[in-house]
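Chemist: Residues per chain, in single letters:
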Amino acid sequence: MNNKIKVRSTLNDIRNFTNIPELRKGVIQEAPETPINGNFTVNSIANFLHPSVQYLKVKQVAEINRSTRAYILEPDAAHGTAKLAYYRPGQWISVTLNIGNAVVTRPYTLCASPLRSVEDEYMLIVSKKPDGFASHYIINNWKKGTEVVASAPMGNFYYQPLRDSKNVVAVCDNQGFTPFLSMAEAIADKSLNMDLTLIYSARKQAEAIMSQRFDELSENTPNFRIIYVFSDEHVFKCERGFVTKSLIEKYAPFTKYSLFVCGSNTLYNRLIPQISELKLENKYIRFGLNGQINTPEALSDFPQESIGKTFLCKVIKDGSLISTVPCSATESLLVALEREGIKAPSLCRSGECGFCRAKLLKGNVFIPHGVDNRRLADSSHGIIHPCCSYPMSDMTLVIN
Amino acid sequence: MSEKNYDIIVIGAGCGGLTAAAFAAKEGKKVLLLERHNSPGGFSSSFVRGRFEFDVSLHELCRFSNEAGLGELRILFDYLGISNKIQWTSIPEAFRLISRSYDGRKIDVAMPFGVEDFINAMEQYVPDSKESMTRLFKLGDEIEEATEYFAANETKMSFTELRHIMKKYGNFVKTAPYSVNEVLDALSVPKKAQEIFNAYWMYLGVDCDRLSFTHYISMVNSYVKLGAYVPTLRSHALSMALAGVIEDNNGEIRYNTHVSRILFTDGKASGVILKNGEKITCNHIIANCSPTTVYSKMMKKGDVPLSAIKRTNARTFGARGACVYLGLNRSPEELGIKNYSYFITDTSDTASQFALMKSIDTNTAQATVCLNIANPDCSPAGTTILCMTTLYTDNCWADITPEGYFEEKDLLAARLISKFEDATGITIHKYIEEIEVATPVTFARYTNTPQGVIYGYLGDDWDSIIPRFMTEELDCDTPGLRFCGGWGTQLSGVNSAVASGRNAAFATLGDISEERSEQNEQ
Numbered sequence: 001m002n003n004k005i006k007v008r009s010t011l012n013d014i015r016n017f018t019n020i021p022e023l024r025k026g027v028i029q030e031a032p033e034t035p036i037n038g039n040f041t042v043n044s045i046a047n048f049l050h051p052s053v054q055y056l057k058v059k060q061v062a063e064i065n066r067s068t069r070a071y072i073l074e075p076d077a078a079h080g081t082a083k084l085a086y087y088r089p090g091q092w093i094s095v096t097l098n099i100g101n102a103v104v105t106r107p108y109t110l111c112a113s114p115l116r117s118v119e120d121e122y123m124l125i126v127s128k129k130p131d132g133f134a135s136h137y138i139i140n141n142w143k144k145g146t147e148v149v150a151s152a153p154m155g156n157f158y159y160q161p162l163r164d165s166k167n168v169v170a171v172c173d174n175q176g177f178t179p180f181l182s183m184a185e186a187i188a189d190k191s192l193n194m195d196l197t198l199i200y201s202a203r204k205q206a207e208a209i210m211s212q213r214f215d216e217l218s219e220n221t222p223n224f225r226i227i228y229v230f231s232d233e234h235v236f237k238c239e240r241g242f243v244t245k246s247l248i249e250k251y252a253p254f255t256k257y258s259l260f261v262c263g264s265n266t267l268y269n270r271l272i273p274q275i276s277e278l279k280l281e282n283k284y285i286r287f288g289l290n291g292q293i294n295t296p297e298a299l300s301d302f303p304q305e306s307i308g309k310t311f312l313c314k315v316i317k318d319g320s321l322i323s324t325v326p327c328s329a330t331e332s333l334l335v336a337l338e339r340e341g342i343k344a345p346s347l348c349r350s351g352e353c354g355f356c357r358a359k360l361l362k363g364n365v366f367i368p369h370g371v372d373n374r375r376l377a378d379s380s381h382g383i384i385h386p387c388c389s390y391p392m393s394d395m396t397l398v399i400n
Numbered sequence: 401m402s403e404k405n406y407d408i409i410v411i412g413a414g415c416g417g418l419t420a421a422a423f424a425a426k427e428g429k430k431v432l433l434l435e436r437h438n439s440p441g442g443f444s445s446s447f448v449r450g451r452f453e454f455d456v457s458l459h460e461l462c463r464f465s466n467e468a469g470l471g472e473l474r475i476l477f478d479y480l481g482i483s484n485k486i487q488w489t490s491i492p493e494a495f496r497l498i499s500r501s502y503d504g505r506k507i508d509v510a511m512p513f514g515v516e517d518f519i520n521a522m523e524q525y526v527p528d529s530k531e532s533m534t535r536l537f538k539l540g541d542e543i544e545e546a547t548e549y550f551a552a553n554e555t556k557m558s559f560t561e562l563r564h565i566m567k568k569y570g571n572f573v574k575t576a577p578y579s580v581n582e583v584l585d586a587l588s589v590p591k592k593a594q595e596i597f598n599a600y601w602m603y604l605g606v607d608c609d610r611l612s613f614t615h616y617i618s619m620v621n622s623y624v625k626l627g628a629y630v631p632t633l634r635s636h637a638l639s640m641a642l643a644g645v646i647e648d649n650n651g652e653i654r655y656n657t658h659v660s661r662i663l664f665t666d667g668k669a670s671g672v673i674l675k676n677g678e679k680i681t682c683n684h685i686i687a688n689c690s691p692t693t694v695y696s697k698m699m700k701k702g703d704v705p706l707s708a709i710k711r712t713n714a715r716t717f718g719a720r721g722a723c724v725y726l727g728l729n730r731s732p733e734e735l736g737i738k739n740y741s742y743f744i745t746d747t748s749d750t751a752s753q754f755a756l757m758k759s760i761d762t763n764t765a766q767a768t769v770c771l772n773i774a775n776p777d778c779s780p781a782g783t784t785i786l787c788m789t790t791l792y793t794d795n796c797w798a799d800i801t802p803e804g805y806f807e808e809k810d811l812l813a814a815r816l817i818s819k820f821e822d823a824t825g826i827t828i829h830k831y832i833e834e835i836e837v838a839t840p841v842t843f844a845r846y847t848n849t850p851q852g853v854i855y856g857y858l859g860d861d862w863d864s865i866i867p868r869f870m871t872e873e874l875d876c877d878t879p880g881l882r883f884c885g886g887w888g889t890q891l892s893g894v895n896s897a898v899a900s901g902r903n904a905a906f907a908t909l910g911d912i913s914e915e916r917s918e919q920n921e922q
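Those protein sequences? They're chains Y and H, same order as listed.
One point on numbering: in this note's numbering, the residue at position 16 of the first sequence is 16, and numbering is uninterrupted.
One point on numbering: in this note's numbering, the residue at position 112 of the second sequence is 512, and numbering is uninterrupted.
Extracted from the complex, chain H is given alone in its bound form (with noise of 0.2 Å):
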């Protein structure tokens, strides 16, 4: 086979990998993406059971409007040309909690989208909360613009310019620094609304004794004001448009595909060598895959850097998934289910949940959803589609014998049903017609993501995505190689993911001309 040279290698084909090599593609450069799997997607993808098509991980997209040009997400996806291509099915509502308050109260309660209706709904949960929670969703405003401003200009924090940013974005600087939990207690929202407020902490698996507020605010800003989305045809469709923009670009993708190594030449990056021998040559890579796999597996000792070392060592794995899908014979009217999306947690109190999740045996806290409720052709008439999210936040599985391990499964799938069924009243287990039990070792399996990790690295305090944002370029310290995905900068999750490919894309794109007017300087 002849040797061909390629602009950009992409390796992996999750969202953050389909995105910076579309983007890529559609700027004219020669791009390659190889896919270990036979499909592209990553966690973005479904499988079919019987007469059930399951998605494998998507509960909801922010920062997504119906609207052209409304939502990052949405005018990403504008930019590619795929808004239309793919059909929406809109989110009913925010969510149901059910939980147990710090007074050991049963909290029970539905939020609907939309700021006032939230606002209300809250106020009648919880009275005066009210005027904290307008302040609140109104500094989440001004945190919306303030990043707008981030990521448009490069911050050198001279005295000058922290004036200007003072002035402007005042509550963002002040805020920026925080926890959730701080941040709210500041504002004097009170604490059951704070325990309502805080439910969506599930989506990026770090309690908020040091979740970023920043961080947590604009993404449910971004929930309760534009709502929320998922593909009609399941996220595979998304995946494939993005696949699309690839080929129609004349950017190549082969699956089946494993990179075993990566080239330096020249301390910089050069080519792939594949599991089968072959090799490929090129002069940038965008990595869609974690840097502790990358760096212990996929290079030479020597072209580490030394700062990489330090990096990776001084990080903290994120949280595992586990997800139990069930293909129910009744219709969701029959069996009662009312909700599209269920977090049930044993207590609000966000640091003990996460604690309680480090086990196995003492973690039944999910993320439960129930496609029909936004879709109801999703599945045939007097059926019913139901996820089950959950997280583990150590390394539990990773003592699973091979022999025990169905059995594991089971139980596992019985511990989040039997939740589920105790805290909504709702009876399911009997109505089981297809189930599917993902644990760890799955998305191991299929992801190649170590430990099972679905989170990336851990959003820490000092780790979370404004401090890895104020200091991004420090971790592009190995030439010719940059990465995206859930463990990249702007952390996990679709629209993170999305959003770090098309980063990353421009971040190469940049790299390539400056070496471009370098060369001509010579």
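So that you can see chain Y by itself, here it is in the shape it has in the complex (with noise of 0.2 Å):
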């Protein structure tokens, strides 16, 4: 078939073949010598949407009640951060504390209106947890004017108009009503267009934070309800007792809805055989940020000889050995890293995001199972999520 082919014909097929270099050379040539434009307006917008930091100041400190404060944080200009980031109600920010010799995170949801970040304002409720650590020092410290440096926004657990139902119902303890919050004023000042049900359980009505702004958008929102339920006491047009299904029942609409929730392990552990029963298909159940388990011994595949056991771990940093660091078995290895005052990448410390993603060359960790978020690859090339892996021996760890 050799020399059959003749696009135009022979002898300019040829030609035009020997030509190609100079037609190249020859728009090249022609293009201008003017300075290469590195403006890329597509990255702008990408930066300003995922900023890799965000530099942030306390504008505002209110007192929710005696271990719950509000702060409203502005954009700290000064250190480089002119506008706050975008976000769907539901996400979170992720804040760096230097706490005595320690550096940690902590994701905290933003608790308002996405378009109040446009009006340059966040807003975080940070509540005392009775063991806690970062959020006493938040309460205890934090206060006009002080600098915090956070990530973009972040996170998953969002009203998704093609996955959810319109009809979302909503259930949430004193440790998860912030997304909801945040979906209500959203509701509310009408940026999300969706009919949001939430079912607030609380041992006693003083116990339930934010209610009194929780009622106000109620009353004034037909798109947004919210019912109490109170264990411990009778209260006015509330419910009395625990979330069961036939209460979350009661409250959803005839039909098709979509079940969030967020909160306690206590409320998880309470709500998921009750759920089971509402026989939703999976993809109207979601939950929210599970956060860092700290009691890892109370679950059921915990190897209980680990207990009370202590581990060396090597720690390795581009290339060179930079601590060894003595952690314990019901510890994360983040918390042992951020305690010896490394500065290790992390930002949801759920298992979720994956920021903290780090190479285990030596020894064994333990992994609960439903936190387990590794990719495929990671895991068979021994990969692990510190924030979720607790130390069962001495091992080596190569961090980002």
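What the hints contain is simulated information worked out from the structure, not anything from laboratory work.
Keep in mind that this is a model prediction, so the values were computed, not measured.
Beta carbons are placed, not taken as given, at the ideal position from N, Cα and C, and that holds for glycine.
Hints are supplied without guarantee of correctness; some may be wrong.
[As the list claims (entries may be wrong)] If you want a taste of the chain H side facing chain Y, the calculated C-beta under 10 Å gives, among others:
1. Met-566
2. Leu-726
3. Ala-798
4. Asn-848
5. Leu-858
6. Asp-863
[What the hints assert, rightly or not] Below are the EDC-like pairs computed for lysine to aspartate or glutamate, each with C-alpha atoms no more than 16 Å apart in a straight line:
7. Lys-57/Y - Glu-30/Y
8. Lys-25/Y - Glu-542/H
9. Lys-4/Y - Asp-860/H
10. Lys-710/H - Glu-30/Y
Mind docking these for me? Both chains are given alone in their own frames, and the hints should help you get the complex.
Modeler: In structure tokens, the structure reads:
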């Protein structure tokens, strides 16, 4: 078949072939000598929506109750953050805290409507946990003017119109109301188009944080309503007891609905058997961020023989051994690193985001079943998420 | 921290950078690979949502085979020792094309792998296409031989050499200056067969009026002859395997490390400065990032040669990408999904389709992949992974406001999903258990690619793979600095990026030994 093909004519085809380099050189020769345009508009939008870091300042502190504060944060232009990143209601930021020798992070939900971020305001609500560490530090130290270093908004616990039913029934306790506060605020100012019924579970009326604001929103917003369930007291127009299958069904619409759950492990443990009886498809059930597991020994799959043991973890960064860290079997590797003042990457602290990704060169860890969200190839290459990995032997860890 | 000196610093751990670093480390060079993200691979990555793990970008690899030594990519992975460290899934068929013919009729064809089967299927859809299609694939084989010759030999285009080339690779020479459509017309391929044959154009992002025939036929020929493969544990498995080669050969990789400047000494690349101010010195740099970014942001103005400025200004960005990742709560059988790869376009006229892709509102074209058809165990029983990719041929995502961005993402997903449903008659919107949407903004965020471009520079007729190769040394006008990856000579895609990484490594090794012999002479 050789020599049979002609595209224009044999001679032209050969000339055009030998001309290929000249053609390219010619186009380049004619190009302008003006400086190369490095202004990439799409990248600017990306940097605006997902900055690698946000420098913030506390603008205002409000006391919600004895152990709870609301913090209004504003951009800290002096450090390079001119505008706050926009977000979806339900998303969180991770704040970095220098507490004594330790550098730790904590994720906190952005509680206001995203529209307020356009007005240069984020709101975080922080409650002192009984045996808390970071929450105590924040409440004791943050005041007007405090500088806060935070991540971009993150997280997948938000209303997704193509996936979720427009009718959402949500269940929370006072450790998980924040995403729903943001959603309710956004429904009220019409930046979010969904119907939300929130079932707020608490022991007593006085313990339901932000109830006044929720009541206001419920009263004035057609697409939002709140129902309280108190286990320890009777309150007029409120439910008594715990959240059950029948209680959810009582307030759920007759049509299809999505069930969003966010709160403490106690809430999850009590609710999960009830939810399975609802016979909802998987896609209609969504859980908020787990949060750090502080008592892994309470999990049924935890190797009991390791309780009380401590190990040594050699930490390698940028090719060199930077520290040898003592670590307890019942404390996550991330916490052990942070306590030693090692700046290890972390964001969600729940095994979800993968930002803390590190390589276990030697040794074993326990990873609770429900929080192992590693990628398949990561698992097979010894990659772990230190935020949800518990030491089971001496080990060598490479961090980024 | 003590100042270290490396033989080679590679900037960017995309497929090109990983491969370049792997080859250089394997050759005993002291290599440092720097990556902004916390994980290797660039676009060759994956992510988890609920009970699904999605591949970020990979549809299918070509030039690869189950058999050792067969296919360029297979040979390269054999050399690096990773072919057998990665589990592979073979793709069952070429593609299903759903589009509109020039005469207004609907096109809905499913094409198999295997040259004979492909030609026979074409004959069924387009009678009297067999002869020209047979000629076309034979030409594909000749071109494969020719490109192997050109890859192995430096050609000076002297008269005697040209005579030799003409005699041996005449059909390569005579078709290389032309576009896909020009050559298909010359071979008298029936119009309707051309429409089907051109379906793979979305993998290269240049319409077939401009797309290099040589480039296209060699890709299609490889797909149809050897079939296609994906790593069973997603393309992240490939990235991890490549990173493993680097580490096993004493190369270093640093993640979460942002290079802000490339340093030059006496006109030659001599090191980098990181965002945190740290300085690392080296003798050579391989950049797995866009030359536009390097020249405009990472080099001092005076260090950029005028020829590089003009070349960069002459070029156009290739396609921007967007993807919709769906985890569905029904099995493919329950949904009625039968094919692995769906090319769904509004028109089979690729130039018109290219124009429709300029704007967000008019673009519903997609290359959609159902991973379960190739790998039934990729998601839990009773579920399906479906990934839709579309291209934008202009900078339309630059007009989005931050407050409108999330809504725009959902609109894009809705548009692609409803197009898929209309084209195939398959309902999917009711079964979405997980959904993630990536836009050009997302790709800019994770890879720092300018404007969210996923295909490097546009492979326009004057800047396609052939002219780039024939003038390759002119592009190396910045001493000590070479490029690889999707912005390199071979254009984009995993296959090209990997091959370009190997080439950049060998070219740099050549530079190093040249320098050594010069020093010896002195």
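Chemist: Indicate, hint by hint, whether the structure satisfies it.
Modeler: Tested hints:
1. This hint holds: Met-566/H has a C-beta 7 Å from the nearest C-beta of chain Y, less than the 10 Å allowed.
2. With its C-beta approaching chain Y no nearer than about 9 Å, Leu-726/H sits inside the 10 Å limit, and its interface hint holds.
3. For Ala-798/H, the interface hint holds, the least distance from its beta-carbon to any beta-carbon of chain Y being 4 Å, beneath 10 Å.
4. This hint holds: Asn-848/H has a C-beta 7 Å from the nearest C-beta of chain Y, less than the 10 Å allowed.
5. For Leu-858/H, the interface hint is violated, the least distance from its beta-carbon to any beta-carbon of chain Y being 12 Å, above 10 Å.
6. For Asp-863/H, the shortest C-beta to C-beta distance to chain Y is roughly 6 Å, which falls under 10 Å, so the interface hint holds.
7. Of the pairs offered as hints, the one joining Lys-57/Y and Glu-30/Y is violated, with about 51 Å between alpha carbons and a cut-off of 16 Å exceeded.
8. For the hint pairing Lys-25/Y with Glu-542/H, the CA-to-CA distance comes to about 28 Å; that exceeds 16 Å, so the pair is violated.
9. Between the alpha carbons of Lys-4/Y and Asp-860/H the distance comes to roughly 27 Å, so the proposed pair goes past 16 Å and is violated.
10. Taking the CA atoms of Lys-710/H and Glu-30/Y, the gap is about 8 Å. The hint holds against a cut of 16 Å.
Consistency note: the structure conflicts with the earlier hints numbered 5, 7, 8 and 9.
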